[in-house]
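**Student:** Using the hints provided, position chains B and C relative to the given structure of chain A.
Those protein sequence lines, which keep their order, are chains A, B and C.
Going letter by letter, the first sequence gives residues 1 to 304 in my numbering.
Going letter by letter, the second sequence gives residues 1 to 476 in my numbering.
Going letter by letter, the third sequence gives residues 1 to 284 in my numbering.
Calculated from the structure, these hints are not laboratory results.
Mixed in with the good hints there might be a few duds.
Stated by the list, open to error - Cβ pair distances, simulated, as ranges:
no. : chain 1 : residue 1 : chain 2 : residue 2 : range
1   : B       : Lys38     : A       : Ala231    : 43 to 53 Å
2   : A       : Tyr295    : B       : Glu361    : 34 to 44 Å
3   : B       : Arg399    : A       : Arg28     : 31 to 41 Å
4   : A       : Gln236    : B       : Pro358    : 48 to 58 Å
5   : C       : Leu256    : B       : Glu35     : 36 to 46 Å
6   : B       : Tyr87     : C       : Ala196    : 54 to 64 Å
Stated by the list, open to error - Straight-line Cα separation of at most 16 Å, EDC-like style, residue types lysine to aspartate or glutamate; simulated pairs:
no. : chain 1 : residue 1 : chain 2 : residue 2
7   : C       : Lys9      : C       : Glu193
8   : B       : Lys311    : A       : Glu260
9   : B       : Lys147    : B       : Asp71
10  : B       : Lys252    : C       : Glu243
11  : A       : Lys35     : B       : Glu4
To be verified - Simulated coverage check for chain C against chain B, where a stretch passes if three residues somewhere in it have a Cβ under 8 Å from a Cβ of chain B:
no. : region
12  : 134–145
13  : 276–283
We put the CB at the ideal spot given by N, CA and C, even for glycine.
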Amino acid sequence: MHGAAELRAFLHGLPGVDRVGAEERAARLATRSIKTTAKAEAIDLAISMVDLTTLEGADTPGKVRALCAKAAQPDPTDASVPKVAAVCVYSDMVDVAVRALKGTGIGVASVATAFPAGRAPLEAKLADTKAAVAAGAAEIDMVIDRGAFLAGDYGKVFDEIVAVKDACGDAHLKVILETGELATYDNVRRASWLAMRAGADFIKTSTGKVSPAATLPVTLVMLEAVRDYRAATGRQVGVKPAGGIRTAKDAIRYLVLVNETAGPDWLTPRWFRLGASSVLNDLLMQRRKLATGVYSGPDYFTLD
Amino acid sequence: MVFEYAPAPESRAVVDIRASYGLFVNGEFTDGHGEPFKSINPADESVLADIACADEGDVDRAVKAARAAFDKVWGPMPGRERAKYLYRIARIIQERSRELAVLESIDNGKPIRESRDVDVPLVAAWFFYYAGWADKLPYAGFGPDPKPVGVAGQVIPWNFPLLMLAWKIAPALACGNTVVLKPAETTPLTALLFADICRQAELPPGVVNIITGAGETGRMLVAHEGIDKVAFTGSTEVGRQIARTLAGTDKKLTLELGGKAANIVYEDAALDQAVEGVVNGIFFNQGHVCCAGSRLLVQESVADEVLERLKARMATLRVGDPLDKNTDVGAINSAAQLAKIKELSEAGEQEGAERWSPPCELPSQGFWFAPTVFTGVAQSHRIAREEIFGPVLSVLTFRTPDEAVTKANNTPYGLSAGIWTEKGSQILWTAQKLRAGVVWANTFNKFDPASPFGGYKESGFGREGGRHGLEAYLNA
Amino acid sequence: MPDRLAVRKTYKLFIGGAFPRSESGRSYVVTDAKGRFVANASQASRKDARDAVAAARKAFPGWSGRTAYNRGQILYRVAEMLEGRRDQFVDELRRTGASKTAAGAEVDAAVDRWVWYAGWADKLSAVAGAANPVSGPFFNFSTPEPTGVVAVVAPDSPLLGLVSVVAPAIVSGNTVVAVASEPAPLPSITLAEVLATSDLPGGVVNVLTGRRAEVAPWLATHMDVNAIDLAGVPDDQVQDLEEKAAGNLKRVLRPLGDDWAGEPGTARMTAFLETKTVWHPVGV
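Excised from the complex, chain A in its bound form:
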């Protein structure tokens, strides 16, 4: 079978996802009660998985440097707090971030490919990617062409991912599905498989610019996809929910979801990331509550 036709047949042959059932499962897992020692471990793990993100038109070198400082030392009063996984910025801010993070061991992730809409010629997307990699980005967060996907032009989406992956060189490629625009879980499952087959190192829910962004059931479906993909091919792919994760409770729910869906193999920053910014302070606040026994307040954590 011709490549595009084979891809289409494959994607349409995947088992469907029943919306109500998937949402019910995610909601039930959200009732897990993570307390005491488990909570302490989960909070530190979540902090270490954060891709601390700023993706604003108003981003400046100063803003990015502040974010990098926070990434390296989330709580200046407590050295036992782990570092975050990466800092995520636009491609033109990569060099600023790389310099600011030098020696910290924290990687720089860059969104690319005409983020967030992805509506640009392929050449522009590749140039965007190459520039970010050249500036020192260790990870590229690309967006898929949702228009092509929804039009059924899976081959185009696939070829684009392959091309970007090629442009990434050694940098890891995270493929953003923008699940809020794919609208159905069937589409999320198909897009996940498409991205993995095209070479994605990570699949990521959202840009954060479209509502809804990451949700538990969407992440559940993607975790099922990476689990099944590894079972079928032997290759492990990471997952990154992004956007809408604001509280420590949210973050822990994602960890539970990973634990009971894809399994413990994914419970490391190597295979699971949380694309967020404000969640970090809530994680720190909950961490201090566990340590001191009293509730803390936002004035005791830095806003960067």
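**Tutor:** Frame of chain A, contents of chains B and C only:
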């Protein structure tokens, strides 16, 4: 990393269990004259309380109290007033939901997640739903002036102690009947707490009477000549005895009995949700569910894949302390039930089916049984025919839709069934062919007060829930 | 001596659409109201009852699988056929002792009863079913379905009584084994001839004549009978049959003291229905 969930026990402090309980007759707790018995916690075998046992005189006293309340108070009361009592009860159940959930889990062994998120909310919903019917009965389709039947004798099982109480009492009271209810001897505590809720609601004395005891008390209740209507949920064998007892009388009867439901997974199913539904179908409430999906019928073309996913999912089930908020599968309700589950499981092995359970550490005290699946099961095996009423799934395969339906219907039971396919017309075709009272398509074990529930064939007769649920408690 | 000797009818059983004699080879004498011989009716045995149940079971999937509209058409066709044989039924009823007026009224009422139930076929689901507003993202609907094989011990009212218990059972898709009036069985077999020529599939209605007390217990204990209507059972035999029916938890319709000439209502139809409730998620 390995993400170990630390223990997250629900506090027992909210529950105050007395050392002993009497019979709730005519609005008062009174002594029973039979030999008292103990209710124990199935998770650790500790004694929870001494429970009075009703003898023949006690049963008679309770029935007379119900009769007097029916004649003088509840029967003549306008429906709108009865409705308000039921609404009150529904609200108090919501207010005391934590207490009810914890007590249910302690006495029954079911996970607190289920008593908290399923049982108790449904109990409140049941009273709320039937409260609304109390003043609308002439519009229910059972004639322009339907009358209550009189005194209802109700005998309920131990698997959903409070929920079964609600299924029985809410429609009975809404229709203007009074009741004498006997909870199961292993799980009387929430019914006795419900008695206190009746008092808080200032329900007139005698409208609800709760008598405790074992099978003998139940037999005396259903045979009592002052009873006009019998409602029973429990085993098919006891249901048969009750039907014989009531032969030749004018008593109305509804029976909700056993089942051996088929959960049919077609090759085009949404597999992850199907596996989830299969798990929920058989491991919900430790499989102590009359409508449990205890037979998985999976299309051969996807059987291996489904089994692989099923086993992986079973390995994530958390078995243990019912009060731990992360427990998925709690304790088996009694030593006797555990023995029955073990006996049938051993029969399954002897008959040649292949047994599998995930690695699973069980507590040393109490009654426990690991989630279990049997593959290579034939229709002729006992584990494919007899109700196990435990966390044991029998897997059979089929090749065509016709074969699936034939196998599903090849049982004296007919309570429930499940269908998993993404093809709409196949769902409707299968649902039409299945001889079962409740068919869950792409879902399983869903309950709602607006939805009629009850079986075909030897799973009993009559429906509980919805408009249909009124019929048993009305004379047209 | 008459000019011509009349050709008498042999009254046989009606099983699976055919008219066999009792396998037992037995018959019993049916007399008119004055005690004069009218005919030898077949005296059904337990094996005839067994064969009738097997025929009813075999007919069940097809009959219950017909569209409600089609069942209604067939029941109406029965009314048409019955109307066409009005005189024959009047004669037969008069021999049971009915006056000409009473016999005529009974046949008319029997025809009208078929018409009444024919119209119910495609309305019962709307009245007895429901879409249930459950609290969650599910579509939930309840539909009435036939119980299965219904044994009917018919009342002594030889035509109207029989029609009044058979029609409500079959209109929803049940199949029936009826034990006819013991003293006046002949109209039941003539009715069977009507049924056999009304497009009603064989086995949907089976008629046994004979001794009620002999046949009814076999039907009450039969494990492949789903329900039993005790309309024609004497009071002192109800308890025994009910106890027997408990063996496989048959749905039992106790004698209701019906006035067969009165309004039929819906109770006899709903007695032999099962409510099936189907849930399905609502989602994209």
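**Student:** Against the range 43 to 53 Å, how does the distance between the Cβ atoms of B/Lys38 and A/Ala231 compare: consistent or not?
**Tutor:** With a Cβ separation near 50 Å, B/Lys38 and A/Ala231 satisfy 43 to 53 Å, so the hint holds.
**Student:** Taking the Cβ atom of C/Leu256 and the Cβ atom of B/Glu35, is their distance within the range 36 to 46 Å?
**Tutor:** At 43 Å between Cβs, range holds.
**Student:** I want to verify a distance hint. Is the separation of the beta carbons of B/Tyr87 and C/Ala196 within 54 to 64 Å?
**Tutor:** Holds, at about 58 Å.
**Student:** Does the structure keep A/Lys35 and B/Glu4 at a Cα separation of 16 Å or less?
**Tutor:** Status holds; Cα separation ~10 Å.
**Student:** Between the region 276–283 of chain C and chain B, see if three or more residues pass the 8 Å beta-carbon test, and mark the coverage as holds or violated.
**Tutor:** The restraint on the region 276–283 of chain C holds, since 6 of its residues have a Cβ under 8 Å from chain B and three suffice.
**Student:** Lying within 31 to 41 Å: is that true of the beta-carbon distance B/Arg399 to A/Arg28?
**Tutor:** 33 Å, holds
**Student:** Between the beta carbons of A/Tyr295 and B/Glu361, is the distance compatible with 34 to 44 Å?
**Tutor:** 36 Å, holds
**Student:** Verify this for me: three or more residues of the region 134–145 of chain C with a beta carbon less than 8 Å from a beta carbon of chain B.
**Tutor:** holds (count 6)
**Student:** Would you check the hint for B/Lys147 and B/Asp71, treating anything up to 16 Å between C-alpha atoms as holding?
**Tutor:** 13 Å, holds
**Student:** Run the distance test for B/Lys311 versus A/Glu260: straight-line Cα separation, threshold 16 Å.
**Tutor:** 13 Å, holds
**Student:** Against the 16 Å threshold, does the CA-CA distance of C/Lys9 and C/Glu193 hold or violate the hint?
**Tutor:** Holds, at about 12 Å.
**Student:** Just to be careful, I want the Cα atoms of B/Lys252 and C/Glu243 compared with a cutoff of 16 Å; is the pair within it?
**Tutor:** 15 Å, holds
The structure fails to meet hint 4 from the earlier list, while all remaining hints are met.
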